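Novice: Everything in the sequence shown is counted per my numbering, starting at 1 for the first residue and increasing by one.
Wrong hints could be hidden among the right ones.
As the list claims (entries may be wrong) - Distance condition first, Cα-Cα at most 30 Å in a straight line; then the derived BS3-like pairs of lysine-lysine:
| no. | residue 1 | residue 2 |
| --- | --- | --- |
| 1 | Lys69 | Lys289 |
| 2 | Lys192 | Lys203 |
| 3 | Lys107 | Lys164 |
| 4 | Lys279 | Lys161 |
| 5 | Lys87 | Lys281 |
In short, the hints are calculated from the structure, not lab data.
Just so you know, these numbers come straight off a predicted model, no measurement behind them.
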Amino acid sequence: MGKYLNPFTDFGFKKLFGSEPNKDLLINFLNQLLPKHHQIKDLTFTNNERLGATADARNAVFDLFCISKTGERFIVEMQKAKQNYFKERSVFYATFPIHEQAERGEKWNFKLDAVYLIGVLDFVFADNKDDQEMCHFVQLKDQSNRVFYDKLTLIYLEMPKFTKTEAELKTPFDKWLYVLRHLPELQKRPAKLQERVFGKLFKQAEIGNFNREERLQYEASVMAYRDMKNVIDTAAADGEIKGLARGRAEGREEGREEGREEGREEGREEGREEGALNKAKDIARKLLKKKTPLADIADLTGLSKDEIKSLSVKAAT
Numbered sequence: 001m002g003k004y005l006n007p008f009t010d011f012g013f014k015k016l017f018g019s020e021p022n023k024d025l026l027i028n029f030l031n032q033l034l035p036k037h038h039q040i041k042d043l044t045f046t047n048n049e050r051l052g053a054t055a056d057a058r059n060a061v062f063d064l065f066c067i068s069k070t071g072e073r074f075i076v077e078m079q080k081a082k083q084n085y086f087k088e089r090s091v092f093y094a095t096f097p098i099h100e101q102a103e104r105g106e107k108w109n110f111k112l113d114a115v116y117l118i119g120v121l122d123f124v125f126a127d128n129k130d131d132q133e134m135c136h137f138v139q140l141k142d143q144s145n146r147v148f149y150d151k152l153t154l155i156y157l158e159m160p161k162f163t164k165t166e167a168e169l170k171t172p173f174d175k176w177l178y179v180l181r182h183l184p185e186l187q188k189r190p191a192k193l194q195e196r197v198f199g200k201l202f203k204q205a206e207i208g209n210f211n212r213e214e215r216l217q218y219e220a221s222v223m224a225y226r227d228m229k230n231v232i233d234t235a236a237a238d239g240e241i242k243g244l245a246r247g248r249a250e251g252r253e254e255g256r257e258e259g260r261e262e263g264r265e266e267g268r269e270e271g272r273e274e275g276a277l278n279k280a281k282d283i284a285r286k287l288l289k290k291k292t293p294l295a296d297i298a299d300l301t302g303l304s305k306d307e308i309k310s311l312s313v314k315a316a317t
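Build the full structure now, drawing on both the sequences and the hints.
Specialist: Right under this line is the structure:
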C-alpha cells in the first residue's frame, strides 16, 4: 500500500470530497469545471439517496450530492469501471434534482436552478476511444448546434486520457487532474502543486494520518476496488475473445476476404450486444461471492437490486 490513498475507491473519494471539513477541496475542484456565473462560494451536502416517484420506481444513490448557496445542484460520480449504459444512468440521475425543484400548488412558474452532473471516469467511453479530448461538456442543443437549454450540464472526465507529466502542468485544472490520476503512486507532494488547497489534500490523503477505523475502512475499500476491477477486466477480455472467435467463424463461412472482415466486425458487435446482459449477471454473481454491497453491484452492472437479489437466491438453491 502506498503513502497516499486511491481517490477512485469509495472511501478515498468520500474522504477527500464528501465531508464537511473538506468541502473546500470539492469547491475548488468543481470551480475548475464551472462557468464564471456558477462559481461556488459555499455548498451544503445533502442526502445522496433519491427515492422514485412511486413505490415500484427505481431509486438513485449518488456518490455525492450538494447544493450551492445560490441554488445550483451538483451530482458528483466517481466511476471506477466501465459500465453498460452509464450515459443513460447519468441522464436518469440528473432528473431527480430537476424534479425535486417542483413546488407544490398552482403558483409555481416552472423556474429551475441549474443542475450539473460531473462524472470522473476511470475508463474511456467506447465511442470516444479515438478522440483525444478527455473532458466532455454536454448540453441540450438544437439542429443548428445552438444551446437550447443551459441549465442541465453533464461533464465527463475520461481520466485514462490525461497523460501530462508534472513538468507540463500549467493550469489549476491540470494540477487537479494530475493529482486524481497519480495520487496513489506519489511518495511526496510534487513541487508543482504548492497551492494551499493541495497542501490540505495531501495531508488528508496520507494513509499514515488515518486512525485505526479509517485505515480498516480504507483497506476494505481498496480490496473491493481491486476485486471489481479484476472481475470487470476478466469479463471484458473474455467477451472480446468470444466475439472475435465468432466473427472469424462467420467470416470463414463467407469464403471471401470481404465476408471475413464483415464477419469479424459483426461478430464482435453482436457478441457485445447479445452478451451484455449475461456478462452483467456473471459479474454480479462474482461480486456477490466477494460480498460486495448490492448498491455497488447495481452501479457497476446496471442491474436492479431486485435482479441482483434474484441471482443471489438462485445461487443459494
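Novice: Does each hint hold? Answer for all of them.
Specialist: Hints, one by one, checked against the model:
1. Lys69 to Lys289: 44 Å, violated
2. Lys192 to Lys203: The hint holds at about 16 Å.
3. Lys107 to Lys164: Not OK: Lys107 and Lys164 at ~52 Å, beyond 30 Å, violated.
4. Lys279 to Lys161: 26 Å, holds
5. Lys87 to Lys281: The hint holds at about 20 Å.
Comparing the model with each numbered hint stated earlier shows that hints 1 and 3 do not hold.
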